[in-house]
Amino acid sequence: MMASIVDSHIFKDIFGNATMRSRWTDEARTAYYLKWEVALATVQAKLKIIPQEACDEIIAKAKVENIDFDKLKEKTELIGYPVLGVVQQIVSICRDGLGEWCHWGATTQDVTDSATVMAIRDSLDIIEGDLDHIMSSVAKLAEDHRLTPMAGRSNLQQAVPISFGFKMARLLATFQRHKERIEEIRKRVLTLEFGGAAGTLATLNADIALKCQEELAHELGLAQPEIAWHTERDRFAEVGAFLGILCGTLSKNATDIKLMMQTEIDEVSEPYVPHRGSSSTMPNKFNPISCVYIHALAATVRQHSAALMDAMLCDHERATGPWEIEWIVLPEAFILTAGALSQTKSMMAGLQVHPKNMMRNLNLTKGLIVSEAVMMSLGPKLGRQSAHDLVYTYCRRALDEDRMLIDLLKEDKDISAVLSNTELEHLCDPANYLGLSGSMVENVLTSYKKTVNKNKNSKDTTSH
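Residue numbers for the sequence shown follow full-length UniProt numbering, so the first one is 1 and each next one is one higher.
Source of the hints: derived by calculation from the structure; they are not laboratory data.
Ideal placement from N, C-alpha and C gives every residue a C-beta, glycine not left out.
There's no promise every hint is true.
Capping the alpha-carbon separation at 16 Å, the derived lysine to aspartate or glutamate pairs in EDC-like fashion look like this [to be verified]: (1) Lys381 <-> Asp412; (2) Lys187 <-> Asp125; (3) Lys450 <-> Glu180; (4) Lys46 <-> Glu215; (5) Lys449 <-> Asp132; (6) Lys366 <-> Asp402; (7) Lys73 <-> Asp125.
Just the calculated beta-carbon pair ranges, DEER-fashion [claimed, not checked]: (8) Asn66 <-> Gln303: 22 to 30 Å; (9) Gly350 <-> Gly248: 20 to 28 Å; (10) Gly80 <-> Leu313: 15 to 23 Å.
Given only the sequences and the hints, what does the whole structure look like? Please build it.
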């Protein structure tokens, strides 16, 4: 029985997913350690720092299936860190003492940090793949509903008409910025750590140390650091901040959807699955389940992001404690983010849109939602403030007398003198006051499609 929500048999695929979990298990973490040790041995043999025979033996034995995890647990509890326990097991099973060359010139944090970087690299790939799926669904919604009129809302009140496609295009544009952030993060975060005890590489001969570091970085597909970063934790804090921001976007979208799902509004609905979101006592209920999960996940990731800021407070060249915060929160932050993405992916792929209800809601206020359009048309003819006060008066009367705004406007002689009934009817149709919604949707979709085609061509070129 698991105590953590991310490993719970019941909840793990609600608050995470198997793919992301697999990147942060004990086995995966140990595999990253071993990959680092194998890469180090390979490079050091090439540079004649260690014997080739030792390298071959280390490569042969440094496999996850050779690790006794019960022993590793005991050693980690004793030593305080798992890397040395892994190295000791490899050393013990290598023949003729050749394993003693394993981990040559390295320190525990070199391996731990580099392994975390490799886990982050794989995790960002997973996140980017999920984002691509979500963006495809959102782009289709934006395109299909480019000019579908609905109420834009300010302070939870109807403001002016927008299109549902405009709403979706704003979300798509935000996701595009998140994709750019991932690329920026990769440049800074995917960096090797290999510096020895205090980061100075004093354990290796000065004439070969940086070459060894450079070759090791290349072997692992990471950037070579300009200097050791054992106690400079900005890279991981930036990752945490990104996860918090990304989940903030997912949560904002979930907020809009759950508000639009309210019975009295009913403009969109989560995908219908029999009995999903049902109530134990009220057969009529269709609750916004994905939205609820996304909120919980996003809020928790934000707290983890804050914890990673605390992990930056490291003392001197090797710290006493804050480092371990990352061990606790980074795996959960990534897994919970993956959960929020999974919920969003299924929700946006099957989102039900109700244009008739959107139009019904536009008409709820007796035409008041287009009062700005009328006021702006009257302004040049009557003066802006006079036009505002006049339309404001008729808005209040429309509410008090339960009449349509257009009928009251038509009765006013001053208005009739400058605007015909046909012009008033055009102004009072919400579908005619979408501003540049359609053009802005096209701008976002054009940018999105250009990026998709560029990435596709890049992948085709790489595959060839």
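Hints the structure fails to honour = Structure breaks hints 7 and 8.
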